[in-house]
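*Asks:* Just so you know, the sequences run in chain order A and B.
When the first sequence is numbered by our numbering, its final residue is 173 and no position is left out of the sequence of numbers.
When the second sequence is numbered by our numbering, its final residue is 1101 and no position is left out of the sequence of numbers.
Derived by calculation from the structure, the hints in this document are not laboratory data.
Interface residues of chain A toward chain B, partial, derived using beta-carbon atoms under 8 Å:
#1 M10
#2 G14
#3 V15
#4 E23
#5 A27
#6 L38
#7 T62
#8 S92
#9 L96
In silico lysine-lysine, BS3-like type, Cα no more than 27 Å apart, as pairs:
#10 A:K94 - B:K1086
#11 B:K1030 - B:K1086
#12 B:K1086 - A:K105
#13 B:K1083 - A:K86
#14 B:K1064 - A:K20
#15 A:K25 - B:K1022
#16 B:K1030 - A:K20
#17 B:K1095 - A:K64
#18 A:K48 - B:K1095
#19 A:K94 - A:K82
#20 A:K41 - B:K1023
#21 B:K1007 - A:K40
#22 B:K1075 - A:K105
#23 A:K60 - A:K20
#24 B:K1022 - B:K1095
#25 A:K82 - B:K1095
#26 A:K41 - B:K1022
#27 B:K1086 - A:K60
#28 A:K25 - B:K1030
#29 A:K94 - B:K1095
#30 B:K1086 - A:K86
Every value quoted in this text rests on a predicted model; they were computed, and no experiment measured them.
Positions of the beta carbon are idealized from the N, C-alpha and C atoms, including for glycine.
Given next are the chains, with one letter for each unit.
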Amino acid sequence: MIFLDTCVWMELLGVRTPVKTHEIKQAAAASDLLQNILIKKEKIVTCKEQLIELVSAIEKVTMKTVNQERKANNLSRVGKLKEFRKLEEFQSTKRLCETVIGDVKHFAEVSRIGEYDVGNIIQRLDLADINDCLYYDYCIRENIEFYTFDSDVARLGNSEKIHTYNAGENRWI
Amino acid sequence: MKEILIKNYIAGDTAVSYEDGKKCQYDIVKSVEQGEKIILDFSGIDYVITAFLNPVIGDLILEKGDGVMKFIGIKNANESIIKKIKLVRDGALVKREDLEE
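Hey, can you work out the whole structure from these sequences and the hints?
*Replies:* Below is the structure:
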């Protein structure tokens, strides 16, 4: 079984076309990975926590983009997500969220990652963010291969189940 | 007018590869530069993701400008594929530099 980190899903499904060399390499690495998984008919798993993380990330980032565009057009900017949701531009963000979540569910099975100890996660917050800790623990416990672009995940432990992308060698290690 | 069959660039019925999209875009650009109108034929394709469409549509617009879409037609694409083509064409995807900050 395979778990793709949120940054990998964003690369595959949610971001604009890559322009810089490192962006192109990352886009190719993510899509080659998914292509190989599909060819080998391996099972991809996700969880509700990850779907929520994706939606939150898209909302947050598109608000930033909309604010830049509104500034350029001499329109008032919004400071909070609460205000952003009232704008017409938010409908486009909502459509993007629907598409991305639909795609993730097309390729992956939504699993329950089980019970987790929040106290234990807080103790590791200086190493990686909450979601990384949740996904890491889940993958180690269930023997799932975890693919990520985020090197912070490797700080949680040196399991061979964790695969990070090495841009220099252009391969997953 | 030239028809480009997307299925020729991918293995199977799901288009996910950035590199495959790049190969397709290369052929589109060649035809556009010869002044031909292009029809992208999605017959036999059930599912696409934006990683594949980004080079096909996104890079094409970056290279040739928004006006290039007047020369591009879409054929045999299901509703989900059309929705994603529009997302890429309209720049509705997340801006990479905003994500990185």
